[in-house]
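Novice: Turn these sequences into a full structure, and let the hints guide you.
Single-letter residue listing:
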Amino acid sequence: MHEAHLMKDLINKIISISKENASCKVTKIKVKLGALSHMTPEHFKEHFDQVAVGTCAQDAVIEAQQAQDIHDANAQGILLESFEIEES
Amino acid sequence: MNHLMPHPAEIIEKRQENENTYTFRLRFCEEEVQRHYRFLPGQFNMLYAFGVGEVPITLVSDPMDTEFLDHTIRIVGNVTQALARLHVGDKLGLRGPFGSAWPLDKAQGHDVLVLTGGLGCAPSMGAIRYIMRHRSSYGKLAILHGVKAPSDLIYQKKFLEWGKIPNTEVFLSADQADRTWKHKVGLVTHLLDQVNFDAGRVLVMMCGPEIMMRFAVKECLVKGIQADAIYLALERNMKCALGFCGHCQLGPQFICKDGPVLCYDKIKNIFDIKEV
Amino acid sequence: MTAFSIDRSELDSLFQALKKRGYEVVGPTLQDQAIVYDYIESSAELPVGMSDEQEAGSYRLKKRSDGALFAYAVGPHAWKKFLHPSHQRLWTVKKQKGDLQFISEKPNSIRYAFIGVRACDIAAMQVQDKVFLSGTEKNYFYKELRENTFIVGVNCSHAVSTCFCTSMQTGPKLLSGFDLSLTELIENERHIFLLKCGSKKGEEVLQELSYDQAKPAEQEAAQKLIENTSQQINKNLDVSNIQELFYQNYEHSHWEDVAERCLSCANCTMVCPTCFCTTVEDVSDLSGDHSERWQKWDSCFSLDFSYTHGTGPRRSSIKSRYRQWLTHKLATWIDQFGSSGCVGCGRCITWCPVGIDLTQEVAALRGIQK
Amino acid sequence: MKKKKNKKKVRTIQVDYLARVEGEATLYIQLEDEKIREVKLKIFEPPRFFEAFLRGRNFAEAPDITARICGICPVAYQMSSVHAMENAFGVQVEGALRDLRRLIYCGEWIESHSLHIYMLHAPDFLGYPDAVRMAKDHPEIVKRGLGLKKVGNEIISLLGGREIHPINVKVGGFYRTPTRKELQVLLPSLEKAREAALETLHWAAQFDFPDFEQDYEFVALSHTEEYPFNEGRIISNRGLDISVEEFEDYFQEQQVEYSNALHCLLRGKPYFVGPMARFNLNFEKFSPVVQQAANSIGLLPGLKNPFKSILVRSLEVLHACEEALRIVQNYQEASSATIKISASAGKGYACTEAPRGLLYHRYHINSQELIEEAKIVPPTSQNQKIIEDDLFKLLEHSLHLEEEKLQEYCEHAVRNYDPCISCATHFLKLQVERK
Amino acid sequence: MSHSSTPKLAVWKFASCDGCQLSLLDCEDELLAISEKLEIAHFLEASRLQIAGPYDLSLVEGSITTAQDLEKIQKIRQQSKYLVCIGACATSGGIQALRNFQDVKEFSSAVYAKPHYIETLKTSTSIASHVLVDFELQGCPINKKQLIEVILAFLQQRQPNIPSYSVCVECKQAGKVCVMVASGTPCLGPVTHAGCGAVCPAYHRGCYACYGPMESPNTQALSRRWQDLGASRKDLVRVFRTFNAYANDFHKISEFHEKKEK
Ligand SMILES: Cc1cc2nc3c(=O)[nH]c(=O)nc-3n(C[C@H](O)[C@H](O)[C@H](O)COP(=O)(O)OP(=O)(O)OC[C@H]3O[C@@H](n4cnc5c(N)ncnc54)[C@H](O)[C@@H]3O)c2cc1C
Ligand code: SF4
Ligand code: SF4
Ligand code: SF4
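Protein chains in written order, with this note's numbering: chain X, 37 to 124; chain E, 13 to 288; chain D, 79 to 448; chain G, 535 to 969; chain B, 28 to 289.
Derived by calculation from the structure, the hints in this document are not laboratory data. Please note: incorrect hints may appear among the correct ones.
So, partial list: chain E residues that the calculated Cβ filter (under 7 angstroms) puts toward chain B [as the list claims (entries may be wrong)]:
(1) 63
(2) 64
(3) 90
Here are some chain X residues pointing at chain G (derived, C-beta under 8 angstroms) [as the list claims (entries may be wrong)]:
(4) 52
(5) 53
(6) 57
(7) 119
(8) 120
Here the structure is a predicted model, which is why all the values come from computation and not from measurement. Yeah, the Cβ is synthetic: ideal placement off N, Cα and C, and Gly gets one too.
Specialist: Next comes the structure, spelled out in structure tokens:
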């Protein structure tokens, strides 16, 4: 699935950054869903939860914002804006 | 005979004059052709680069030199770039000479004013060289040459040498000078004020960008020089150099056979009109 | 010139006689809804019983009730397509171990016999002769073809609204430049041609036909026919002081007016029987050791035509390109070659897709409303 | 990347990282315990909206516009569109004009099939990345293929004006028909092409074919007298026998989330169109010569191995050469290049056999001669599901292969169907997901 | 171009019908010779082999219609020493650019039942509107002889010899009869770029401008002529909105007629 691949990509990024920051717990994730990304926040949450099982982002709160501008260069992408970690 | 077909010629010498200008010394590969070749100052050849095309280039060498033919070429586009890629010993195609020459006979006994701009100095070389060889047949010679920037100046050594010859004046000018520049600064047309000449006795030979010539002609006329004493070398697109292709027309003139050197008197009614 | 007469059926003997002499016979024939010039085998391939109607920007074939063979005006093709073809290889060059070997293309040695050449078109050939053969260097390719051509002219029996040869004094009567001339006469049941010889070659060919001396009545009929045709022509181009007219009006506002209408499509120059301009193209293959130079028809309406480095096209506006065309045709041509570049065939009027009519443009320059 | 200090032990990390899928066509395989769960062929060819912008166009523009859907089989699109329009106006093109249409289609079959056989499929069998590199070892063979392809192109150029997006096809016939003499020029090349086609068949017969057979539902046109090109009923080996007008009652296009290409199903099930379907359903319509050629290599109807489609394609090239020769030899010039059309409001349907299978067009024309609605179902979308199914089954036995080999193998299998997005088959990106 | 090794050729595809790149494979007689002069490093229609850049010559087919395209073309530009656009899609947005005049969302729903899955930009645009282009070869489809000329010119380090005058010039050079004058068939030849060899007039139909605008098209004057021949404003809007609808000159004139019509 399209989504599965995207989610994989995202989670990998999150894991690698949190590792860099010596953290093993991600508490909150902020993403922006492009207008043409074909994903609603619910949709996103569902898929994300699937891939996050067993990772440091397992219990993270997801804040997904749906963008409206279809002319944005990133209109088709999913933008990981920021996330919060708990320092160990 | 197929006058449109070039003869092979060899590059004997290739000299870089400045960043984008080279002088090629050429000789026909066929002895026979070289021996019979004669030209007059101001005439041009068609130079052919293999597989790319053919362009008109004026001869700059001394017409008395029957051994070699020199051409100074500015690299601007397709064919000239292809020519620039050639090396000594490489072959190109050559046919000519074509076109009219500077009025050197008519100028005998007169003062001569050579006014050139940019690469326009190249086509006038033949004329200057000729006058130098027959110095006594001519009156005063004034060479006025302007360039945009000092780096555009070619043949500097020659200019300085000529300046030392009696009854000969050389004025060089750059639109924008830098610290190395020891000559005048400003438009070449202003140099006209620097020379003293008898407007009734002088013959003007002019070559350079057309805008420059338009202004220079006006100045000359203001100074009292007659329209029929002003000669210009002109450029138009050219494919055949024989008057068959039609490209080089300027009003009734074919620049390839009636020109490139034309008396101003002949074109004065159209010279200032746009897009003729 | 003595006049002879031959029967319609004898025309094929003429074809045979020409073929026997090694000529390729070329003449008018029907193609693509027009009468064009092409290779023909017999008189049956001529546009039998066909005529035409022409106006600015329009050409239509029309059937006639008789079997006339030449009762139409000039079509879209000029004879230059044979004598000064649209594509001509000029030479070939080979590169071997750094050496260049140039090999000239031989002029086409084909011997054409043109059937049915009109007076204006003969005049056009004479104009091109001046362009290509009057200077110190002769056009190598044109010269041979032209000298080998046999011309069977025909007097016009039908003019269209775009014809103005009378203004240019080139027609409709054949005066010179032909080897044989024909006048087609159809009366009652009789279909004959009056025939005159214009050259030695023509006389020789005549000897192979069965002919009669033309009767005075026939000669008179022929004369009348041509006069009638003359009278049909009502288009007029005033050529008095034409050079001054142009040289004084380079900046006339009317040029802007034409530019609004002109497509700069170049049709007028392509169909014009005197326009001669060409460009060249170097054609090579992937081997890299062989190249050819080709000459192709070009037109002063193209931007590249006047391109020079640094300035770009010298004539970038359509206005200046139309001005070049017309000024060259009617004025500077006279300075260059001693005659007008226009023979009044009307092709550029008919075949201009938007029907621009040079005679009207000239009138407008003169300040006359037509 | 910026880091922010948070009061607590929690920190926010600013990332701005854009997640995305790479590649243009991807084969997605989902495994669970080394068993295949799902196979998806995703095509990211951006949509071009032809059906949408056909609306409001004049009916006469359809052949020119639809040709631009595919540069590899433009004639097919032109044929389906003109036949659909003629169907709408209740006219039928017959005689010489009908023959010429078959002839130009022969040209496209020869051209497209040879391209596929020599430039795409054979290199798979022989282990080359492409024909150009194959030519290093087998120059004569590749030249034969190029020669064959050229003959196909010659036919299209002569009848259509040029090989890609021909300009001469028109509702009601042609703009201009060739003279008999002009057409005869093709004879010598066609004779040679027939030889080359036969050689192709025997050459391809020697390839190693994977042992892979499936039970497919084959769907193709069927005509009472001829091997099908432009007309016939739609039949299948499982008893389907419908008129073209009924197409949409039986076939439905489905959009799937993961791909821009639509899937078409027959009563909810995948089916197989293209050379193999035509061959299996119309074998007896081949001329005796073609039938004999097929027999000589043991190629018989009932074929179930899609890898052998290359043989069927070769056979169809032979058939197209035969048919073209027949048409050229018997050609009598038509009195007019086009029949009279009086456009009227209505609906028109047509199916023709594109080189790669059934191509369906439907149009609604309004009283101003404008297209109100257009529907186009290309062969590739019809085979889409079958391709996935094939891959599913193939992969079951091939998972041991290393990734690169696996990808090659999959590409090869996709190419059995000569999908119109033929380049898509060269950029398969394998995406294996293990659970 | 390096002297030591054969220059690398890459062929790229964006939204298009593949026809223009197929032209290269249609060079049946020259293909193998070309492959000796150029290493085919990336050409998905022809080869599964993909050799990494940079590329000496890139041929780009197709128009930019998605955000991914936008990024991809930038990368291609960075990887290419000489970039040539081939075909109407790449030089003017192609037939897909018809969407530029309408609402894409509405378009998607005409084709797809669930349009929200479809990722697409609102417009279809030429390559040159996004990156620097070294040469544009017009035509829908391009002429394969011209394509060979472009490749040859590249190998010989010169500008390709591709005249930009009207189709009429080619039509007359080939000795064809003007269909507009001889039968009143409306023809776009006078405003259309040469290159096709005037095939349409040769087959007795009017040019439909698949080669895009010529160097100085007077679309107004030709429109008036079409109107005399019976074309309505609506027809004219359509006529200029086909395969090069978003080419500047055609775009302007179709909008002009559209406004006038209202
Ligand atoms: C009589 C005459 C004498 C000349 N003498 C010299 C000289 O001594 N030294 C020198 O450097 N240059 C000279 N030029 C200019 C030179 O011919 C052009 O710079 C050259 O043609 C440019 O060709 P290109 O292919 O490199 O340029 P591109 O810009 O690629 O031009 C393409 C083609 O257009 C035509 N063209 C472009 N510019 C000119 C032009 N100015 N004149 C004629 N045709 C042109 C040529 O056919 C050329 O091949 C002369 C021009 C003329 C007419
Ligand atoms: S009118 Fe134009 S094309 Fe014709 S001969 Fe004169 S310059 Fe050449
Ligand atoms: S005058 Fe007519 S034929 Fe000539 S360029 Fe202009 S529009 Fe074309
Ligand atoms: S539409 Fe015009 S440009 Fe296209 S093929 Fe026809 S004549 Fe040529």
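Novice: Against this structure, judge whether each hint is valid.
Specialist: Going through the hints against the structure:
{"no.": "1", "hint": "63", "result": "holds, 5 angstroms"}
{"no.": "2", "hint": "64", "result": "holds, 5 angstroms"}
{"no.": "3", "hint": "90", "result": "holds, 5 angstroms"}
{"no.": "4", "hint": "52", "result": "violated, 10 angstroms"}
{"no.": "5", "hint": "53", "result": "holds, 6 angstroms"}
{"no.": "6", "hint": "57", "result": "holds, 7 angstroms"}
{"no.": "7", "hint": "119", "result": "holds, 6 angstroms"}
{"no.": "8", "hint": "120", "result": "holds, 5 angstroms"}
Checked against the numbered hints given earlier, the structure breaks only hint 4 and satisfies all the rest.
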